[in-house]
Amino acid sequence: MYSFNSRVRYSEVNKDKKLDLTSIINYFQDCSTFQSEDIGMGLSYLENRNRIWLLNGWQIQVNRYPSLGETITTGTWAYDFKSMYGYRNFIIKDSNNEICAAANSIWVLLDTLTHRPVRITDDDIGRYYMEEKYDMEYAPRKIPIPENLKNYDSFTVVRSNIDTNNHVNNGQYIKMAEEYLPLGFKIRQLRAEYRMSAVLGDTIVPMVSEKKNLCSVVLADTNGNPYTIIEFER
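Reminder that position 31 of the sequence shown reads as 31 in UniProt numbering, one-by-one numbering, no gaps.
In case anyone wonders, no lab produced these hints; they're calculated from the structure. These numbers were taken from a predicted model, which means no experiment stands behind them. Honestly, I wouldn't trust all of these hints.
As the list claims (entries may be wrong) - With a Cα cut of at most 27 Å, we get these calculated BS3-like pairs of lysine-lysine:
1) Lys150 x Lys175
2) Lys175 x Lys18
3) Lys15 x Lys211
4) Lys186 x Lys211
5) Lys212 x Lys175
6) Lys17 x Lys186
Generate coordinates for the entire structure from the input sequences, incorporating the hints supplied.
Structure representation (structure tokens):
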């Protein structure tokens, strides 16, 4: 497992002084980026080969949200590569080695010239060490679009939403979607499926479905085609 240590910062907590979900996702993304950079297969390596890894889906389970100032360890490892897909687990542990959050993620290798997925080769993954997959109940990759969606006012993608791939960052979609959760909704599990990449200036139409313990948010274009489908479970 590749890992790094940190403390929960004030800029990462919510009104309850707890690490928020977007910050958990940022820790996960940073951890995988650090690993790739440290083994020489980071952003520059990918750019030189006209490749990028795009996130296809998250499944994140939260046992507890670490508190302000708490020491945490974020870890990640790859557990499988098949065809165009890479599979990676993440964890956040506290100082007692208790798991605060764990995640499964699915990535797609994309050719930046053709904008199409490509088959993974040893040149793409040769320096990653694979480990056993994390012991959790794995949900399906695909998330069905729920019925009886309620539309909300659309908004425009701004510069602060954009990452190094010139797309809306994975965590930004989650932050957008959280705005439509009922008050007091404490997230126990998140599932997200990314279908299209929104870019600067795109219009996003939020559509929401609420059930007893589930809130689904579809962030779509003006034709109703989903950029992302996000399922929050309390």
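Against the structure, the hints:
| no. | hint | verdict |
| --- | --- | --- |
| 1 | Lys150 x Lys175 | 19 Å, holds |
| 2 | Lys175 x Lys18 | 16 Å, holds |
| 3 | Lys15 x Lys211 | 25 Å, holds |
| 4 | Lys186 x Lys211 | 14 Å, holds |
| 5 | Lys212 x Lys175 | 22 Å, holds |
| 6 | Lys17 x Lys186 | 14 Å, holds |
Every hint, counting from the list given before, is met by this structure.
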